[in-house]
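Novice: Just so we're aligned, residue 0 is where the sequence shown starts under numbering that gives the first Met the number 0, counting upward by one.
Derived by calculation from the structure, the hints in this document are not laboratory data.
Hints may contain errors.
Capping the alpha-carbon separation at 20 Å, the derived lysine to any residue pairs in SDA-like fashion look like this [what the hints assert, rightly or not]: (1) Lys109 to Glu133; (2) Lys38 to Thr52; (3) Lys22 to Lys56; (4) Lys85 to His111; (5) Lys22 to Thr143; (6) Lys109 to Arg92.
Okay, the calculated beta carbon distance ranges per label pair [as the list claims (entries may be wrong)]: (7) Lys38 to Gly124: 11 to 21 Å; (8) Gly136 to Ala30: 26 to 36 Å; (9) Ile138 to Ala30: 26 to 36 Å; (10) Gly39 to Lys117: 31 to 41 Å; (11) Ala54 to Ala30: 12 to 22 Å; (12) Gly47 to Gln134: 13 to 23 Å.
These numbers come from a predicted model, not from an experiment.
We put the CB at the ideal spot given by N, CA and C, even for glycine.
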Amino acid sequence: MRTALIILAQQGFQDHEYEGTRKGLVDADFAIIIGSKTKGSCTGKFGGNVEATVALKDVKVTDYDRIAFIGGPGAVAYASDPIALKIANATVRASIPLGAICIAPTILAKAHVLEGKKATTWDDGNGTQVALLEQMGAIYTGDTVTVDGLIVTGNGPEAAEEFGRAFASL
0 MRTALIILAQ QGFQDHEYEG TRKGLVDADF AIIIGSKTKG SCTGKFGGNV
50 EATVALKDVK VTDYDRIAFI GGPGAVAYAS DPIALKIANA TVRASIPLGA
100 ICIAPTILAK AHVLEGKKAT TWDDGNGTQV ALLEQMGAIY TGDTVTVDGL
150 IVTGNGPEAA EEFGRAFASL
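Could you build all of it, start to finish, from the sequences and the hints given here?
Specialist: Here you go:
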């Protein structure tokens, strides 16, 4: 069975994005492993509770067939987390599909894996996240879901199921 690692913020992941991404992967027969900063309980922005069974420091990317970062207010911290950035880089180097939804594409941008790649992101209405992606060399599409090679990005909760299906289909 193929395995997908879904990385959530310990506090404040986006519940709907997690559920939609998970559904797309489970419907395509992926086993799901949850990763976070540390093992244990992860609390969603809307109160969902998910158990992380792997700490980011223990992630070996080649153990997985897909790796995705889920957005939400808590995901912002991963854009400056050296371990999260290392995971994004190692995933691309290993030619393993990498996904990010909502604000999480900023993590991929900060990891320098979106240079020259088409990508989308959620934006705060001030162009902050779009500017960050473009500053880091990404080609912002503005689409709901963007696929460029083995990288899939989605722009928010409404895109979650489409993002999950696109991510699973790579």
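Novice: State the violated hints by number, sorted upward, taking the hints as numbered earlier in the document.
Specialist: Hints 3, 7, 12 contradicted; others consistent.
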